[in-house]
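S.K.: Put together the whole structure using the sequences plus the hints.
From first to last, the protein sequence lines stand for chains A and B. Going by the working numbering, the first sequence opens with residue 1, and the numbers climb by one from there. Going by the working numbering, the second sequence opens with residue 1, and the numbers climb by one from there.
No wet-lab data here; the hints were simulated from the structure. Among the hints, a few may not be true.
Copies of the same chain are indistinguishable here, so a pair counts whether it falls within one copy or spans any two.
To be verified - As a list, the in silico DSSO-like pairs of lysine-lysine whose alpha-carbon atoms are at most 30 Å apart: (1) Lys147 <-> Lys374; (2) Lys545 <-> Lys374; (3) Lys376 <-> Lys545; (4) Lys147 <-> Lys593; (5) Lys459 <-> Lys595; (6) Lys593 <-> Lys459; (7) Lys147 <-> Lys281; (8) Lys459 <-> Lys545.
Quantities reported herein were computed from a predicted structural model and do not represent experimental measurements.
Protein chains: 2
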Amino acid sequence: MDVDMIGRTESLFALSNGHIGLRGTFEEGEPVDQPGTYLNGFYELRDLPYAESGYGYPESGQTVVNVTDGKIIRLLVEDEPMDLRYGRTVDHERVLDFRTGTLRRQTLWTSPTGRTVRIRSERLVSFTKRTVVAIRYEVEPIGEDMKLVLQSDLLANEPVPAPGNDPRLAAALDNPLVPALADSEDYSAVLVHHTKRSELTVAAAMSHELDAPDNADVSIRADGDLARMTVAANVPQGTTLVLTKYLAYGWSARRSVPALRSQVEAALAMAGETGWESLQKEQAAYLEEFWADADIEIDGDPELQQAVRFSLFHVLQAGARGQSRSIPAKGLTGPGYDGHTFWDTESFVLPMLTYTMPGAVGEELRWRHSTLDKAKARAAELGQHGAMFPWRTINGDECSGYWPAGTAGVHVSADIANATARYLRATSDEAFEVECGVELLVEIARFFAGFGHHDGNGKFRIDGITGPDEYTAIVNNNVFTNLAAQQALRDAVAVVHRQPAVARELGVTDDEAAHWAACADDMTVPFDEVLGVHQQCEAFTLLDKWDFEASRGRYPLLLNYPYFDLYRKQVVKQADLVFAMYLFGEHFTPEQKIKNFDYYYPITVRDSSLSACCEAVTAAEVGYLDLSYDLMSESVFTDLHDLHSNVGAGLHIAALAGAWTDCVAGFGGMRDFGGEITFAPRLPQAITRMSFRMLVRDSRISVTVEPDKAHYALLAGPPIELAHHGERFTLSDDPQTFSVPGIVTHTPPAAPVGCEPYRRER
Amino acid sequence: MDVDMIGRTESLFALSNGHIGLRGTFEEGEPVDQPGTYLNGFYELRDLPYAESGYGYPESGQTVVNVTDGKIIRLLVEDEPMDLRYGRTVDHERVLDFRTGTLRRQTLWTSPTGRTVRIRSERLVSFTKRTVVAIRYEVEPIGEDMKLVLQSDLLANEPVPAPGNDPRLAAALDNPLVPALADSEDYSAVLVHHTKRSELTVAAAMSHELDAPDNADVSIRADGDLARMTVAANVPQGTTLVLTKYLAYGWSARRSVPALRSQVEAALAMAGETGWESLQKEQAAYLEEFWADADIEIDGDPELQQAVRFSLFHVLQAGARGQSRSIPAKGLTGPGYDGHTFWDTESFVLPMLTYTMPGAVGEELRWRHSTLDKAKARAAELGQHGAMFPWRTINGDECSGYWPAGTAGVHVSADIANATARYLRATSDEAFEVECGVELLVEIARFFAGFGHHDGNGKFRIDGITGPDEYTAIVNNNVFTNLAAQQALRDAVAVVHRQPAVARELGVTDDEAAHWAACADDMTVPFDEVLGVHQQCEAFTLLDKWDFEASRGRYPLLLNYPYFDLYRKQVVKQADLVFAMYLFGEHFTPEQKIKNFDYYYPITVRDSSLSACCEAVTAAEVGYLDLSYDLMSESVFTDLHDLHSNVGAGLHIAALAGAWTDCVAGFGGMRDFGGEITFAPRLPQAITRMSFRMLVRDSRISVTVEPDKAHYALLAGPPIELAHHGERFTLSDDPQTFSVPGIVTHTPPAAPVGCEPYRRER
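M.R.: Shown next, in the form of structure tokens:
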């Protein structure tokens, strides 16, 4: 086992149900890179310092906290601590099982003094009981009887390595939890802590089932930051010491210590009553249903097949049971980005979940809705109308400490509106529309209508903002932002007409809605008539060229070049206009799509993991299918192959969701403009067959693509209107097959020198 | 006396020779707002923190240090400390004398126990002996004999109030000096300290002459942060206790403690040998010469007359004896802006000094030249060619912690080039040209030629920068910046032709110079053809309007609105295009000047003290003479009437220099395009006569303007070519008189609501 890879495997093997996240650390506690137990929404505050302060800069940031660690079951083999760094690892395997939703491990280890044990463990973070974790831990002495000791812990305030060299962040994370209660009885214990500044309380409890020789000594204690059950037993060879550990977590900003204690003890009782085998069964059943809706089959590339399922599984884990909480950029797999949620969620993750697990989308958008007061307050603080959602946040307050790449990214609000409208079109969730959807769309439309303005020529402009490309900031009329805002304004008009009563309660007048429509209709979309391409933002195509030859090997550019120089040149961090051509594709002609792709792809360096998956979709659309395949691979293997060298800090959930997007929207050519589901499938050479499923309103369909044919089948629900390469059809009980039209393929443009898409060795 | 005004008076009564600065604190030490003794170039380092760090951000800043205070002469009247906050101040007056260059004070004070003394003091910071300060302090008991005690101190690490609520800055300034040596003997003492991080050493020494009754007890000691000579005497009524204190300061980054000690002791010996009366005489003689070159007489407004002389005097003090050091934005009058030097110096202060005290300009530019290695290193760090001078600095390293309003202000480098070329045209300082001028101009031209680029249309663009207006940042083709860069490029071409040998040493080829010329010739100057006005920067006139009605009473805007909103709207902090129309006026037609002024003046809020003086010049040029007069008043009274409520932190030297500019370039209409000195005088109603002098190369001229006539006289030197309202003439021994042509006056545009120019009560 390569100890340097531990951080990577901790992220890759992380388990989560969207509410609780456990990194894939070893039960024995060490070796460890980042121990990590996260609860969605649980954070500490820290000061955000500024060399020169400014009005409206956030004064404090939020940082996800590693809460009480219950994963730990230390093992002593005749007084030798089991630690893979010492002795000899004869055999070691871990399996993240996408069907059972468990992390299994098997280790055959010989201690430095020559004693050999076989360890088996399996753990799950329950999808069906969202506050519960269960771990089964088994040790078998090999070749001789042994004295074994197990120490099963709840441990708060574990040392964690400081991310980067920021002393302030390190300080915030140093012993973030203050003990409030510790108790133990029989095989159970509970610890309650609270944070120092954010005033949140967390309770963690554990209980155990033990299958041990009769002579086992068992003791338990709980105090301050540690609760520990110790089992000491003489275990004969050929027998197995089995410990089943149940964990329950709860946190709250409002509930009292006794109330939280009761909550986790009740959850534990329920878990124990359910039992390990039943929890396993429920977990597998939950996953069976997910895969029935979401699985993607790929023939011709087994490694890609596995990677795509890995991706879907982790997106599921990030979104499954958040329940009115966010889906952070790293899910609950690591401390990266401070545990914040960005536009990634609405623009990359929710599109997949909308058509595979729509309930999770409703929950995430209910979280956004629950932060609407903060978004309105932020808008007011910045002199704006309506709601301005934060660039990065845990609790709904803006945490961005650099406004040109934070607050200026106003498209995040449009992204939330667009995700809301997509969800409403793809489901029949009228309760959500009434309770949350109208208000989200109205307040976001109010923001954009007030934020932009009509200039002297009658055009509606959105100036002084930053689009998706963070290497170009504080610009005017970014195409992506303007089209996203246009869509948001139009969807607000539509929802107001659908729900006049709700709209009236929100004070929306006919004049106001008419003004939104006018803003949308008059939206500026800059285009360079000389070059015949869209300008990512106004004047973009007049900027200086970037010297890619000189920057070879100096990626990511932001660590080697100043924003000062990046911003003023034609160098693009991540798909921006190219992403707009996918999400808002109806505003571009096929010829524009090709010319734009040919212009922007060669200046896009993909320093963001949010880039390759978007470029893959448009590449497929314009016929660059093999390039699309390479770009998709880059997105899908971002984490498995650690392409950004930072997977130790957590998975890139948006890039993983990009696997779905690249299959369904890329090679499947799925678009959902106006809620109409259309396909234009076409496979790259390396894939001989691809099949995926989608939930659309009350229908479940499957689409199977072969090199020259595509098959559509209705798996459940009412007939549905679809289209195949522009040909509309109604899919009912009879499956339908269409031929895939050929496309004139051009030679695709070249990526910037040194930025060629990732290619696996095959 | 109003104790709340103390901070203001400390700044207004500050004395400085450009090398040493003393705030106008009382000798008795208290009451005090900011004790302040500054040495030009002496600073401490402090960390610059960032909530989100970025490549190329400066990691440490420089902060001016309050060094060892030698101004203190405490007085005890029969054991009662003299303190104006207690007892009764019968009479109190301070006079800053522009002829003698001294601060005089007279106080008649009755102690809480009823004893009355008359105190007279006078102090000077010597213009002729730049390391020397002298103070005469006299106490006379009134009505009875008294026991008086004087404690004459050198005091290091005085407590200073932290500016703002920045704990880091406060930490840097808390006890910044570490004792290195303390010694005393007879009536003299010396203290040497060094800083903790910047590794600078400062020596301060004092010696005394005492005129006291024979029975006086005198003792002296020196230790750590305090050296003190104590005089205790029974002073009969009708006699006066007189203490003359000489101070000498020296600092160095390289010299040893003994060397610095020797240096200040030698300076003290020289001062003592010269004596108080001779120091006074030298001071007055120095000032007589200054006023002969620089005085401006104004008839019709005595308060303005006094304020203009106040302004000229303080600019003199800031620039007189810096000698290869900078002229900070606050001079040496307070801790504001951390003691940094900005573009103010080259763009506001040097134009005045060029024609009144040219030697000081050469010294200041030699300082810039001495930092050229740092400017080249900064350019290289940011991926640029040539030299990029810092936005704010003490030692030449960039200290700006917010790059959009710092590093992005690249015009500072052009400003330095422009000041260099102006100085070269206005003097005959070929030594400076050879030693410094060519290299400054070449390296700055290299920066701009590499930084801008030719776009597809053959235009030369300068993108992604910030012009003078800090309410609009990260823009493309700011007119001011582009014209300043154009001038810098052309002056570089010219100097390379004048000094081919030096240019060759710097590696300048014909091709390179030709490229500079092409960049200048193709420079983009954005103009709105629809509105018929220049765009402050590209697209500026398309931006949203600012709601001035809503922002009434919320100035300065930067404390009440986010940059996020300010940047994207048509609201201007300070003259930008309007300043360009003065400095680069040959690029604008008279009609454009009127239209531009009418467009920009109503959206300029003058939140910067650098605004009114520039607007006044153009207002005068286009015929808005009374508006010009009001704007000039605002600039001139910025400090005297504390219009920005921050004069306690130091004077606004650039605004003070603006007094000269407004008289000479505003009402005198002086321009120096291409080194040709031209006038277009015209007076506002409130001024009945104005006379000023100028040094141009080897000639000294006087210009006297009356409502309908202007008189030109050559006071010294060779004949000189001039122009009066477009009419060229040669001024030789015979004075010449011209009539002032009338101008069609329009109704001037209105200032933004609530931003009307300052009007004095008269």
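S.K.: All hints are to be evaluated individually against the structure, with a verdict given for each.
M.R.: To see whether the hints hold, each was checked on the structure:
1. Lys147 <-> Lys374: neither (57 Å within a copy, 68 Å between copies)
2. Lys545 <-> Lys374: Close across copies (27 Å), not inside one copy (40 Å); limit 30 Å.
3. Lys376 <-> Lys545: Between. Shortest inter-copy distance 23 Å satisfies the 30 Å Cα cut-off; intra-copy 40 Å does not.
4. Lys147 <-> Lys593: neither (69 Å within a copy, 95 Å between copies)
5. Lys459 <-> Lys595: For Lys459 and Lys595, both the intra-copy (25 Å) and inter-copy (24 Å) Cα distances are at most 30 Å.
6. Lys593 <-> Lys459: For Lys593 and Lys459, the Cα distance is within 30 Å both inside one copy (24 Å) and across copies (28 Å).
7. Lys147 <-> Lys281: Answer is neither: 33 Å inside a copy and 99 Å across each miss the 30 Å cutoff.
8. Lys459 <-> Lys545: Both, since 29 Å and 14 Å are each at most 30 Å.
Going through the hint list in order, the structure does not satisfy hints 1, 4 and 7.
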